[in-house]
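J.: Chains as they are written, first to last, in our numbering: chain D, 1 to 240; chain Y, 1 to 309.
Take these hints with a grain of salt, some might be off.
As the list claims (entries may be wrong) - Distance condition first, Cα-Cα at most 25 Å in a straight line; then the derived SDA-like pairs of lysine to any residue: (1) D:3 to Y:238; (2) Y:72 to D:82; (3) Y:107 to D:56; (4) Y:181 to Y:112; (5) D:79 to Y:112; (6) Y:72 to D:16; (7) Y:107 to D:2; (8) Y:127 to D:193; (9) Y:139 to D:188; (10) Y:232 to Y:212; (11) Y:136 to D:236; (12) Y:181 to Y:62; (13) D:3 to Y:72; (14) D:236 to Y:56; (15) Y:139 to D:236; (16) Y:139 to D:98.
Everything labelled a hint here was simulated from the structure, so no lab data went into it.
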Amino acid sequence: MSKTWTIVRRELQSFFDSLTAYIMLVAFLGFSGFFTWISGNDIFFIGQASLQSFFSIAYWTLFLFIPALTMRQLAEENKTGTLEMLLTKPISDWQIVFGKFLSTLILIVIALFLTFPYYFTVWSLGPIDHGAVILGYVGLILMSSAYISIGLFASSVTNNQIVAFLLALIIGIFFHVIFGVLASSLTGAAGSVFDYLSMSTHFSAISRGVIDSRDIIYFLSIVVMGLMGSEASLAKRNLN
Amino acid sequence: MDIIVEKVTKLYGAQKAVDNISFKVNTGEVLGFLGPNGAGKTTTMKAITCFLAPNEGDITVGGLSVRENPEKVKSLIGYLPESNPLYQEMQVVDYLAFVAELQGVPKEQIPGRIREMIKICGLSGEKSKNIRELSKGYKQRVGLAQALIHDPEVLVLDEPTTGLDPNQIAEIRDLIRKIGKEKTVILSSHILAEVEATCDRILIISNGRIVANGTPAELRMRAHGDEILKVKIGGGEPEDIFIALEDLETVRSIAIMDNSPEYFEVHSHENENSARPIFEMCAENNWYIEELTPVETRLEDIFREVTMN
Numbered sequence: 001m002s003k004t005w006t007i008v009r010r011e012l013q014s015f016f017d018s019l020t021a022y023i024m025l026v027a028f029l030g031f032s033g034f035f036t037w038i039s040g041n042d043i044f045f046i047g048q049a050s051l052q053s054f055f056s057i058a059y060w061t062l063f064l065f066i067p068a069l070t071m072r073q074l075a076e077e078n079k080t081g082t083l084e085m086l087l088t089k090p091i092s093d094w095q096i097v098f099g100k101f102l103s104t105l106i107l108i109v110i111a112l113f114l115t116f117p118y119y120f121t122v123w124s125l126g127p128i129d130h131g132a133v134i135l136g137y138v139g140l141i142l143m144s145s146a147y148i149s150i151g152l153f154a155s156s157v158t159n160n161q162i163v164a165f166l167l168a169l170i171i172g173i174f175f176h177v178i179f180g181v182l183a184s185s186l187t188g189a190a191g192s193v194f195d196y197l198s199m200s201t202h203f204s205a206i207s208r209g210v211i212d213s214r215d216i217i218y219f220l221s222i223v224v225m226g227l228m229g230s231e232a233s234l235a236k237r238n239l240n
Numbered sequence: 001m002d003i004i005v006e007k008v009t010k011l012y013g014a015q016k017a018v019d020n021i022s023f024k025v026n027t028g029e030v031l032g033f034l035g036p037n038g039a040g041k042t043t044t045m046k047a048i049t050c051f052l053a054p055n056e057g058d059i060t061v062g063g064l065s066v067r068e069n070p071e072k073v074k075s076l077i078g079y080l081p082e083s084n085p086l087y088q089e090m091q092v093v094d095y096l097a098f099v100a101e102l103q104g105v106p107k108e109q110i111p112g113r114i115r116e117m118i119k120i121c122g123l124s125g126e127k128s129k130n131i132r133e134l135s136k137g138y139k140q141r142v143g144l145a146q147a148l149i150h151d152p153e154v155l156v157l158d159e160p161t162t163g164l165d166p167n168q169i170a171e172i173r174d175l176i177r178k179i180g181k182e183k184t185v186i187l188s189s190h191i192l193a194e195v196e197a198t199c200d201r202i203l204i205i206s207n208g209r210i211v212a213n214g215t216p217a218e219l220r221m222r223a224h225g226d227e228i229l230k231v232k233i234g235g236g237e238p239e240d241i242f243i244a245l246e247d248l249e250t251v252r253s254i255a256i257m258d259n260s261p262e263y264f265e266v267h268s269h270e271n272e273n274s275a276r277p278i279f280e281m282c283a284e285n286n287w288y289i290e291e292l293t294p295v296e297t298r299l300e301d302i303f304r305e306v307t308m309n
């Protein structure tokens, strides 16, 4: 575990040293703040003391930002050969993948933590459903975990960061939009399968304040599959 | 700590990068790995360091198999890969601390180990620079420092002196020799002089197979058992000297050196020695020997001989 932590610390340091972290934080807070408070379907327009509008903005901004964070993580190591250095140290493939996953998740949690002033502001405006807010944050964290593991997988199959970014977005858009569209246009068993696969089904359930073990299983299974896929592509060096 | 490589084969697709090779390296031995490009040196090293798993055969380091105990084996090895990959955006000390933690060096010992590595590898002026800003030679030193940080029992160095200037090369060689007294070292190179200067034993590998294995002296003996002498004789006409040399019983052939016609290269028959007959010949004819040097077969010739077919 301590070695996973070593990886986490280095990755976080690299996020902050390369300014990626600052740009991501500023952009995330800027976008979500703008759309939550100033423009369009904002909180004042809805007229309820609720963070729903923030959650639905963050649902999209995180979807777009996460691949930009994960694209570098394995693709660059692959390209510069530092992966060879890492893999010849007494650390397992799984610890490397999990460390990288955790570091990005921590950065996302920091970003979400910085939006707590929104929560306190809305709270001061009127009665707020605390349970729904907390679950909304939990939902964002679960969704981010899923996209981080997809992004890591995309980053592990290539040594080109742009390819990794686009691949993560393409895989992600299926979960984000396409499965939902298919679910609404199909009926019967196929429809309900796609409905279960759609990220928005599970995210909106959680952010409304309803949590179900099926939603948790959904997010965790995407995370596990993404991480195992990344680990498998690290181990691929031994396949012929 | 011994390294035993047993019947290892590694395939890349259908191509055999390493073909059924076996060898052993003993504790306190510096083994030089020689071979043309693409011979399988790097692949063998990657197999020893558990980066690649062999398709067949097994490697044990200190009795531990790379198949069963990769993590344990990795912690015994310090490895400098050929491309010397480094995190460019990290500072030298941060990078060394990161590697030390990965290698499981106890926390309280890490600052001491880093100080020692910086001293040994001559990095004191560069320690708080970003690795990106270092010259190639200094990067190579950082690579070496990270390989040595946990005081490994086994050191695997893939072309450790590329990109270094002659002074640095000499320093690194000294360092390798010093480490090689107690530890097991494997280094690869295609600079023959380097292998000769640092290694106790040489392994020449070509097309994935071992084609020669022995100390530099043994290899020389094996390649050319015959004595070759470079002779310069004064006091007579070169033609007469040439004819007289040819008449000696122990001499197989004589060559006149292209760039200096007064020198003769005398090749003796197998297991014969020509120095005494040459002396007696000179005494008889009233000539005198100006110079007589045994010519050692160069490692280059051996290398070419065993890797060309």
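J.: Now look at each hint and say whether the structure bears it out.
T.: Comparing the hints with the structure gives:
no.: 1; hint: D:3 to Y:238; verdict: violated (75 Å)
no.: 2; hint: Y:72 to D:82; verdict: holds (20 Å)
no.: 3; hint: Y:107 to D:56; verdict: violated (45 Å)
no.: 4; hint: Y:181 to Y:112; verdict: holds (23 Å)
no.: 5; hint: D:79 to Y:112; verdict: violated (32 Å)
no.: 6; hint: Y:72 to D:16; verdict: violated (33 Å)
no.: 7; hint: Y:107 to D:2; verdict: holds (11 Å)
no.: 8; hint: Y:127 to D:193; verdict: violated (57 Å)
no.: 9; hint: Y:139 to D:188; verdict: violated (62 Å)
no.: 10; hint: Y:232 to Y:212; verdict: violated (34 Å)
no.: 11; hint: Y:136 to D:236; verdict: violated (31 Å)
no.: 12; hint: Y:181 to Y:62; verdict: holds (17 Å)
no.: 13; hint: D:3 to Y:72; verdict: holds (14 Å)
no.: 14; hint: D:236 to Y:56; verdict: holds (17 Å)
no.: 15; hint: Y:139 to D:236; verdict: violated (29 Å)
no.: 16; hint: Y:139 to D:98; verdict: violated (29 Å)
Taken one by one, the earlier hints fail for this structure at numbers 1, 3, 5, 6, 8, 9, 10, 11, 15, 16, listed in ascending order.
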